[in-house]
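Chemist: Starting from the given sequences, assemble the full structure and let the hints guide the process.
Read left to right, the sequence shown gives residues 1 to 381 (the working numbering).
No false leads were mixed into what you were given.
The calculated DSS-like cross-link candidates involving lysine-lysine, where the alpha carbons are at most 30 Å apart (straight line), are: (1) Lys110 / Lys142; (2) Lys305 / Lys25; (3) Lys305 / Lys60; (4) Lys145 / Lys222; (5) Lys222 / Lys201; (6) Lys13 / Lys60; (7) Lys305 / Lys361; (8) Lys131 / Lys145; (9) Lys131 / Lys142; (10) Lys147 / Lys177; (11) Lys147 / Lys131; (12) Lys142 / Lys257; (13) Lys218 / Lys145; (14) Lys247 / Lys222; (15) Lys177 / Lys247; (16) Lys177 / Lys131; (17) Lys30 / Lys18; (18) Lys6 / Lys60; (19) Lys222 / Lys142; (20) Lys30 / Lys257; (21) Lys317 / Lys305; (22) Lys177 / Lys218; (23) Lys177 / Lys142; (24) Lys305 / Lys30; (25) Lys222 / Lys30; (26) Lys60 / Lys30; (27) Lys6 / Lys18; (28) Lys25 / Lys60; (29) Lys317 / Lys361; (30) Lys110 / Lys177; (31) Lys6 / Lys317; (32) Lys25 / Lys13; (33) Lys110 / Lys131; (34) Lys18 / Lys247; (35) Lys222 / Lys305.
Label-pair restraints from in silico Cβ distances: (36) Thr171 / Asp35: 34 to 40 Å; (37) Lys147 / Asp352: 21 to 27 Å; (38) Glu106 / Gly278: 36 to 42 Å; (39) Gly278 / Asp16: 34 to 40 Å; (40) Leu101 / Asp198: 30 to 36 Å.
Rather than coming from a laboratory, the hints here were simulated on the basis of the structure. Here the structure is a predicted model, which means the values were calculated and not measured. Note that CB positions come from ideal geometry on N, CA and C, so glycine has one too.
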Amino acid sequence: MPINLKLLESSLKNLDPKFSRALEKALSGKAIDEDDALRLLSSSYYEALMLALAADYARKMYAGDVVTFVVNRNINFTNECIIRCLFCAYSRPLGSPDGYLLSVEEVVSKAYEAWRRGATEVCIQGAINPKVPADYYFEILKRIKEKVPQIHIHAFSPQEVHYIASRLGTTYRDTLKALREAGLDSMPGTAAEILDDDVRKVIAPNKITTDQWVEIIKEAHKLGIPTTATMMYGHVDDDAHRVRHMKIVRDLQMETKGFTEFVLLPFVHYRTRLYREGLSRAGTTWLEDLKVHAVARLFFLGYIKNIQVSWVKLGPKMTQMMLQAGANDIGGTLMEENISREAGSLYGSRMDVREMVELIKGIGRIPAQRTTTYEIIRFYD
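Modeler: Set out below in structure tokens:
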């Protein structure tokens, strides 16, 4: 439905001045600041509806009416982990009877099968497993590029880069250069969770620090390796943590311009130790998700064009709602997904192209398949 800007601006006159000023700034094409973001995240129900309308207007002006997706496959090559984050229900202790480690041949076979089924990308990540030698990561890249040179390899979180560097005794920069030379095309900006070390000490005490995450991402961007940026929220974090996280990402983007998208990941709590041990909330509310997606659009206005909603975590109907509150991308078809499913997500591990197209058309937007770096492959009429 077309957004009536004059009606929206008129409605703001009757609201709290601080709230109205923040939205007026965004409607004029300027990114909001940290104080604005905090005020908007504390919106009442009625204010949140105005916020969503403003974010949808900003989305239309900045990203247009096309909603994109990538045909890809997730490959999680091991679930045995020494990091054991409390929010993760996927990982298993070393030697667990239901632990696994895929061989290089199995990973390559999955990548080839994905390409045969129309995928343009494989997203490869795994738990931190000391059984995995450093050369395993390089061998995966080389062998996939030999077998399927056309496919884009989106692989290895900053946590994995840290692990590889520590095993090799090399710097992050040299490690990333070697990975790039072996075939790495881009990186997921996962392992970010919330970029606040007080929060990280609770949810992931053995994980890399905020500074280490920033350093690895910065080095990747300097080497021409694009990455995503993610934020997993709704556990022990509050609005201030979320805003600081987004500020770190925006500052990095201003410096490097290496982020392709900002991916919002609501915490799936059901089977996690963090929730079972009483350390976290029971995930997010729909209104909270609406506000976070909308604020992300306005905070990154002019800096990060693509705001991605996670259909795996939110489901198709909530995905449609977030697409009307600032988001313009719904990620990948995945073909398989383990992390959210193990945590108790109810929405499956794959969505085929037809389902994605129908989801997007259902809100009157234009579906388009994209590459990992957002070149359009085809539109769906």
